[in-house]
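**Student:** Take a look at the letters that make up each chain.
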Amino acid sequence: MAATTETIEQVEQATGKYKYGFVTDIESEKAPKGLDEDTIRFISAKKEEPEWMLEWRLKAFRRWQTMTAPDWAKLDIPPIDYQDIYYYSAPKQAEKLKSLDEVDPELLATYEKLGIPLNEQKMLANVAVDAVFDSVSVATTFREELSKAGVIFCPISEAIRDYPELVQRYMGSVIPVGDNYFAALNSAVFTDGSFVYIPKGVRCPMELSTYFRINEQNTGQFERTLIIADDESYVSYLEGCTAPQRDENQLHAAVVELVALTDAEIKYSTVQNWYPGDENGKGGIYNFVTKRGVCRGDRSKISWTQVETGSAITWKYPSCVLRGKDSVGEFYSVALTNNMQQADTGTKMIHIGEGSRSTIISKGISAGRSQNCYRGLVHMQPSAENGRNFTQCDSLLIGDKCGAHTVPYIVSRNPSAKIEHEATTSRISEDQLFYCLQRGIGEEDAVSLIVNGFCKEVMKELPMEFAVEAQKLIGISLEGSVG
Amino acid sequence: MPGSMMQPDLSGVTATGGTRAAALARWQDNGWPGPRVEAWRYTSLAKLSDLEIAPVASLAGSASGPGMAAATGIAAHVIRFENGVVDPAGLTGLPGGVTIGDLGSDEAATARLAELAPKGHPVSDLSLAVMNGGLVIDVEGTVETPLMLLFEGDDRAASAHPAILVRLAAGAKLQLAEWHQSSVGLSAPLIGHDIGAGARLEQVKVQAEGAETTHLAATGVALAAGASIHGFSLSTGGSLARLETHVTMQGEEADCQLSAIYMGRGSQHQDITTFMDHAVANCTSNQIIRGVLDDTARGVYQGKVHVAPDAQKTDGQQMSRALLLSRKAEADAKPELEIYADDVICAHGATVGELDATQLFYLTSRGIPYEIARSMLIEAFLIDTIETIENETLAGLLRPVAEAWLAGGEAS
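Chains G and L, in that order, give the protein sequences.
Once you know that position 451 of the first sequence is 451 in my numbering, the rest is easy, because the numbers rise by one and skip nothing.
The number in my numbering is simply the position in the second sequence, starting from 1, with 1000 added.
Warning: the hint list may mix true and false statements.
Computed cross-link-like contacts, EDC-like style, restricted to lysine to aspartate or glutamate with a CA-CA straight-line distance of at most 20 Å [as the list claims (entries may be wrong)]:
id, chain 1, residue 1, chain 2, residue 2
1, G, K418, L, E1354
2, L, K1313, G, D71
3, G, K74, L, D1295
4, G, K401, L, D1310
5, G, K348, G, D71
6, L, K1313, G, D400
7, L, K1304, G, E430
8, G, K148, G, D71
9, G, K418, L, E1038
10, G, K348, L, E1038
Computed Cβ-Cβ distance ranges for the label pairs, DEER-style [what the hints assert, rightly or not]:
id, chain 1, residue 1, chain 2, residue 2, range
11, G, G442, L, T1388, 26 to 34 Å
12, L, A1089, G, Q392, 28 to 36 Å
13, L, E1390, G, Q392, 48 to 56 Å
Over 12 Å on every C-beta distance to chain L, these chain G residues come out as not near it, computed from the model [unchecked claim]:
id, residue
14, K59
15, F61
16, R63
17, P79
18, G355
19, L377
20, G399
21, N414
22, L437
23, E457
What the hints contain is simulated information worked out from the structure, not anything from laboratory work.
Yeah, the Cβ is synthetic: ideal placement off N, Cα and C, and Gly gets one too.
Start from the sequences, fold in the hints, and give me the full structure.
**Tutor:** Now the structure itself:
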């Protein structure tokens, strides 16, 4: 059918031709290839870390050495040689930067190509950007404005030096060092990431954003993000990624920890568009991410929204541990795979607190020869009196060579808890198309309407700033000639 | 071989060679699945590790006449197994169109049963290897009289390993009841339904084993073009029960309706696991699962619908609902879709919860005592599922069992 073919083309356009495939030529300072305790000591020394941090890393490393990579996901992961990776690579910038003028112009040009005009966007977008270039944050804006509100937003390496008591208290409290293979690896070798602390009663005056970017060939990115929302505070955090086109696979194993205290709310949004590899599955990023938030206080809320279009392999389950009474967890996801991409993504909602509620909305779109799997857990513990979960997982197949899979796990140990799960898999319904055509809507518009409607529940959860970027990625197919 | 695994004397099987010897070798390699095996994550077989596998070789007492048909009030031809051993009395006077042979001496049929048997299920290998009652039931044409396979036995030290291949020739029609009410230590039936083109099997299974019995059933179904199975299982007995069914659609236009109710109380563990393999195009499958759990019982439903790359126009549906009646009961569900074709309609739904408080309030506000209102609602939750069974005769078998369970709850 013409419209379907068109949709395939559109999806290919959206994901197949990677527009951000350029390389910035900046000298890097690297640790030698490979991973042993010396590498970790090197990283820790480079970061001028205190002794306790080094010990923490070494503990994680020793733990990692005893673990094996998980193989339960519906993913075909080529063997990874962990000794053939650079674990530290920093742009050569000796002294600390005071303003954007001091930033390497070539770096700034890169951001411009990515559409992150650091200079202009300050007030315009009202977004503070903590840009991670390879592994070291080189520019942080809006620090002043945020500090007026008492908000701490800085690279995690700075937080380790400046706010050790906060870091020691919360880092690893959500995702312990030995949580899983990739989290352990990250705990041992993480180089940078963001740290956010929102004090009591503060509503963060702007949306916080970090643009990650992998640049140096053969460099694994191991970010570590920690966000703490103290009582009655609110923060919205935006994470977006693009990476240069490469032939070699790059490993990315990030860890994101969120802590929401009493009446606090954290909204975490991601647009992920890393290099997915070419049509034949050559190259592309391995995206093995551990993201988890704890609703520690009563009535606290954590909301994950993700639009995943990139990476060759995605292994990612942003989760919520709903510990507080009447706490709320949300997971909204659009995962689009094309060509040879593989995605195994979903969430876990662990209900512990009385009256805790969770909502899971997952939309998977598979095209080309890709495999797209939703995997989720809803667990009601005996204490989760009147817990409530609603889950909806829909999959859309475009073309007959791809796969769409749904693997939900439901565990209920409290009779007053209610769990509802529904999942559907289909291609664009001919009935719906016919209905639209019959009403005089053109075929392209009709497909647009249907596919757009398919993702809408998730897209509307994205903050304004991100909605545009997300539309660029999926929207070309949804809002363009077909969508 | 796992160290703790007790072994029966199987020199006879090894000497047989062929399919059974291969199954035995697999069993000896794998043993009972451990807790890290994904398919067994919710159901632990740890307590079986020191169970002695002791198939009984011959009938214990005098062969008793089939009294079951009278008890259930249906005019069925009963084939009785005692401690897994076939009672020869049931092999005579068969309804027209039915012939029965010995499975053990039929290598081709044994190989076919091995093909149908759920892959990776320990009973698929174990019961094939050590079968103490092996039958091949061939069916041609329309058989008017229902067949009932009745599994009894009170030897707690025994393990029962009936292995049965039911073959429906093209266009055949059969009504089949499978009734388990033994109190053996381990009841491990391996049953294959090989359903020919255009043939139709209407089947019910009642699992009402004794309170100490572990019931591990492995059932395999193959559907040729235009074939259909309408199956229904009711599982109320045993201390630990797992009813695992794998269905493969081998021909187009096949139709599979597979529903189940599990009911658990005390410390019972009830598991329903299904695998629906849409290997070819234009087939339909539908599963309705209901569970009721009281006390500290645990219920598990795992259902996977697999749609192969060329299985276009597949319609695969699955709906599971579990009702928790007590604070300590637990329900686990894992309804899976694995889909490699685009022109399909597949969906699953799953819910877990307690009785609807507003419904209870409505009934009690109308003067109906709480206990009665509660059992009315539980009954309503289950009965609409039983009512999907088109065959009245077979549906009639299930209702008393479900009602007895509900009544048992009130008494306790």
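**Student:** All hints are to be evaluated individually against the structure, with a verdict given for each.
**Tutor:** Results for each hint:
1. G/K418 with L/E1354: Given pair G/K418, L/E1354 holds - Cα atoms ~7 Å apart, limit 20 Å.
2. L/K1313 with G/D71: Roughly 32 Å between the alpha carbons, so the hint for L/K1313 and G/D71 is violated.
3. G/K74 with L/D1295: 36 Å, violated
4. G/K401 with L/D1310: 9 Å, holds
5. G/K348 with G/D71: Holds, because 18 Å separates the two Cα atoms, which is no more than 20 Å.
6. L/K1313 with G/D400: Distance ~12 Å between L/K1313 and G/D400 Cα, so the pair holds.
7. L/K1304 with G/E430: Violated - the C-alpha atoms of G/E430 and L/K1304 are around 26 Å apart, more than 20 Å.
8. G/K148 with G/D71: 47 Å, violated
9. G/K418 with L/E1038: 25 Å, violated
10. G/K348 with L/E1038: 17 Å, holds
11. G/G442 with L/T1388: 26 to 34 Å: Taking Cβ atoms as reference, G/G442 and L/T1388 lie about 43 Å apart, which means the hint is violated.
12. L/A1089 with G/Q392: 28 to 36 Å: 55 Å Cβ-Cβ, so the 28 to 36 Å window is violated.
13. L/E1390 with G/Q392: 48 to 56 Å: 32 Å, violated
14. K59: Correct as stated: the minimum Cβ-Cβ distance to chain L is 25 Å, above 12 Å.
15. F61: 25 Å, holds
16. R63: Nearest chain L Cβ is 19 Å from G/R63, so the label holds.
17. P79: 22 Å, holds
18. G355: 15 Å, holds
19. L377: The assertion about G/L377 is violated, with a minimum of 10 Å to chain L.
20. G399: 6 Å, violated
21. N414: Violated: least Cβ distance 7 Å, not greater than 12 Å.
22. L437: Non-interface label on G/L437 holds, nearest chain L Cβ at 18 Å vs cutoff 12 Å.
23. E457: 17 Å, holds
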